[in-house]
Amino acid sequence: MPTFVYMTSCDGCGHCVDICPSDIMHIDSTYRRAVNIEPNFCWECYSCVKACPQNAIDVRGYADFAPLGHSVRVLREEAKGTVSWKIKFRNGEEKNFESPIRTTPWGSIKGPAEYDAPGAEEFKSEELAHEPDALNIEGGLPVLSADRLKQGII
Amino acid sequence: MGLFSKRKTVRVDADILVIGGGMAGCGATYESRFWGRDLKVVCVEKANIERSGAVAQGLYAINCYMGMQWGENQPEDFVRYASNDLMGLVREDLAYDIGRHVDSAVHKFEEWGLPIMRDPETGRYQREGKWQIMIHGESYKPIVAEAARKAATEVYNRIMVTHLLMDKRDRNRVAGAVGFNVRTGDFYVFKAKAVIVAAGGASHIFKPRSVGEGMGRTWYAPWSSASAYGLPIEVGAKMTQMENRIVLTRFKDGYGPVGAYFLHLKTHTQNAYGEEYESKWYDDTKKLVGDYVDRTPVPTCLRNHALLREVANGGGPIRMVTKEAFQDPHKETVGWENFLGMTIGQAVVWASQNIDPKHTNPELTTSEPYVMGSHATCSGAWASGPEDYAPPEYRWGYNRMMTVNGLFGAGDASGGTPHKFSSGSFTEGRIAGKAAVNYMNDMGEESQIDEADISRIEAEVFQPLDNYAVGRNEIVAGTVSPSYILPIHALQRLEKLMDEYCGGISANYMTNEPLLDRGLELMDMLKEDADHIGAEDLHQLQRTWEFKHRLLASESVMHHTLYRQETRWPGYYYRGDHMNLNDEDWHCFTLSRYDAETGKWAMEKAPVYHIVD
Ligand SMILES: Cc1cc2nc3c(=O)[nH]c(=O)nc-3n(C[C@H](O)[C@H](O)[C@H](O)COP(=O)(O)OP(=O)(O)OC[C@H]3O[C@@H](n4cnc5c(N)ncnc54)[C@H](O)[C@@H]3O)c2cc1C
Ligand code: SF4
Ligand code: SF4
Chain A
81 MPTFVYMTSC
91 DGCGHCVDIC
101 PSDIMHIDST
111 YRRAVNIEPN
121 FCWECYSCVK
131 ACPQNAIDVR
141 GYADFAPLGH
151 SVRVLREEAK
161 GTVSWKIKFR
171 NGEEKNFESP
181 IRTTPWGSIK
191 GPAEYDAPGA
201 EEFKSEELAH
211 EPDALNIEGG
221 LPVLSADRLK
231 QGII
Chain B
70 MGLFSKRKTV
80 RVDADILVIG
90 GGMAGCGATY
100 ESRFWGRDLK
110 VVCVEKANIE
120 RSGAVAQGLY
130 AINCYMGMQW
140 GENQPEDFVR
150 YASNDLMGLV
160 REDLAYDIGR
170 HVDSAVHKFE
180 EWGLPIMRDP
190 ETGRYQREGK
200 WQIMIHGESY
210 KPIVAEAARK
220 AATEVYNRIM
230 VTHLLMDKRD
240 RNRVAGAVGF
250 NVRTGDFYVF
260 KAKAVIVAAG
270 GASHIFKPRS
280 VGEGMGRTWY
290 APWSSASAYG
300 LPIEVGAKMT
310 QMENRIVLTR
320 FKDGYGPVGA
330 YFLHLKTHTQ
340 NAYGEEYESK
350 WYDDTKKLVG
360 DYVDRTPVPT
370 CLRNHALLRE
380 VANGGGPIRM
390 VTKEAFQDPH
400 KETVGWENFL
410 GMTIGQAVVW
420 ASQNIDPKHT
430 NPELTTSEPY
440 VMGSHATCSG
450 AWASGPEDYA
460 PPEYRWGYNR
470 MMTVNGLFGA
480 GDASGGTPHK
490 FSSGSFTEGR
500 IAGKAAVNYM
510 NDMGEESQID
520 EADISRIEAE
530 VFQPLDNYAV
540 GRNEIVAGTV
550 SPSYILPIHA
560 LQRLEKLMDE
570 YCGGISANYM
580 TNEPLLDRGL
590 ELMDMLKEDA
600 DHIGAEDLHQ
610 LQRTWEFKHR
620 LLASESVMHH
630 TLYRQETRWP
640 GYYYRGDHMN
650 LNDEDWHCFT
660 LSRYDAETGK
670 WAMEKAPVYH
680 IVD
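Residue numbers (the working numbering), protein chains in the order written: chain A, 81 to 234; chain B, 70 to 682.
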């Protein structure tokens, strides 16, 4: 089934519907809760699982090659800046992992228009925004002279 | 039509329109704003840019980083590497351009908050391999999306773009795009002065190994729907290297990546009997490709070739030897986090089958072929090169402009530049963004959309809903109708056809001229049937248009494969009637141009330029 939703946990908030890149999390019109309408187009990307405030979504590996009895659970904590995983094997063995997800506060990125506007002459140069500074090298943007491009086989 | 008669048309006037908010699209949006302070920059995305595209679940490595600040690599080294890996056929002008800019993009990612691992001894970024650096990339996409949102005037999520619009007076100039909102069904008409296509690559062109519930567990995302090819092909943009599909050696069933295993964990492969097998196939490979087999690193396709030969010879399954490496707890953690960071499905497979790589050496397999332009492959649009050095055959306009005026491409959309990966795709988006602003500033008279085109296309876009509504009344229930097929039926017919006639898994990646000719006959009938797809709802309407983009891309793959009479990339596919690499006749790019009016394809060759010292 790839992802599925627990009836008693889902409150129909729609976060999963909003995030699923495959557009397969929909709100069921009878139960008013989320359902994966097209399991064979699920990538097991866990975007919906991470986004669900009720932890109502889980994954049961693809039926055509994944035996039952396993679980891979995730907890993504934006405020803490971490993602944690619990892997349970069919034979009961467990493994846990935790990684950082971001080093700066959410929303803190400086937009491109907050930098000084480029001068007229910079438009025709090959440099992109923040270059050459952001390359962290001396001597500016590397250049290639046109005569170094030759037709043939090498 | 009852249900959709309330459909609204929404008109959006943009200066720069970015189609697809994945890695390349976010880069394009960011850069367009930097150079175009007063412009209306609009990004339109079929999903939600927060988690869309191939990086939706995150990544564990950035696979394209020069490290010029530490003297690790120069752009020339990158060009040589990429060209070597693609058996000599790379747009080296474009690749150099990626190499010289990519580091500044990666430095920005770090500044924005992406955790990049550091080597504790040197303080430099932790290398996974010569080109790869390791990251904790669970939030790679949300971080990059935040930058794009800050840059865009507007981001439109959940709009499936179906067609490009052409200028009323100049049919080789772009004027915008149309699509529909997959939630409301509203029809969107975007007018734009410049359009950047950044709609990603293509999965589900060839039949995947798993065709049941697991058919979505493709290596490239199931939502990589070939729109980056379908959109420009339809309006006559020239495409290149469409025959250069890629086959991936991956962990079995989950298609978990092997890069970190080979490069960082230093694991190796062996056959079923514990033997090293690659060297066994050296002579066999040399007969096909000559000295290319002696290049280092060995080109990706040739390593596939050795694996395929070994399996055909009865030596399978091929396994990754992990047992020793995984005794080291650090390596064990890296091995698992590598999957949790970018292919969680592989962890699910291993947990379900009790595969702990500490105790079991896991099986590898070769995937079905994919069409994309940013990995060890470079299908995509034929694009104009950098203004400062591109040779005349590669330069007709602005950097990354396709052969259609005002239409730009980046990431998987842009051909001839492999090994861009996430960072290079973002960088190429930036290059296209700046060039699009320059194009716009120089263009003079504005492009004009043609209202007649819009009404014709609108009818075409929504026709599948009518097909279903009408046809459905004929039958009691179920999915079998004499007058329509469902999008999934069409897709599965396409996949079977490509698989059997164009070198997919069931044909052991083998094809030839008679097979391709027959495949094209069947494809013509599928093209006719595509007008009879029935879509039950808006979600299925999205699937219909994804299919149509895949179909056009597949047709292009067929024609390119037919045209190139050699086997350039054994291990990706074989032309059984021309089994050898033939540099004399085919050291060139193949280009195609589709004429939507006649349905005909025109093929030609273009020269390859190499950077020499
Ligand atoms: C499993 C896996 C592992 C990978 N590992 C690495 C790695 O370790 N390091 C690395 O650097 N790279 C890696 N990559 C490659 C990297 O993800 C790609 O190179 C990169 O994402 C390509 O960028 P893009 O913008 O061209 O495509 P994408 O990022 O896929 O973006 C395309 C966007 O277009 C949208 N779109 C498509 N069609 C339409 C339409 N019709 N209308 C509107 N929007 C549309 C999509 O929803 C998507 O948002 C990996 C990829 C995969 C799948
Ligand atoms: S795992 Fe990914 S593809 Fe599957 S339903 Fe959730 S968000 Fe969609
Ligand atoms: S996000 Fe969770 S609670 Fe909200 S609709 Fe989806 S499954 Fe239900």
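Don't read these hints as lab results, they were simulated from the structure.
There may be inaccurate statements among the hints.
Covered stretches of chain B (chain A as the covering partner; in silico rule of three or more C-beta atoms under 8 Å from a C-beta of chain A) [what the hints assert, rightly or not]:
| hint | stretch |
| --- | --- |
| 1 | 99 to 107 |
| 2 | 119 to 130 |
| 3 | 164 to 175 |
| 4 | 191 to 200 |
| 5 | 453 to 462 |
| 6 | 593 to 605 |
Glycine residues also receive a C-beta, built at the ideal position from the N, C-alpha and C atoms.
Hints versus structure:
1. 99 to 107: holds (count 6)
2. 119 to 130: holds (count 6)
3. 164 to 175: holds (count 6)
4. 191 to 200: violated (count 0)
5. 453 to 462: holds (count 6)
6. 593 to 605: violated (count 0)
The structure fails to meet hints 4 and 6 from the earlier list, while all remaining hints are met.
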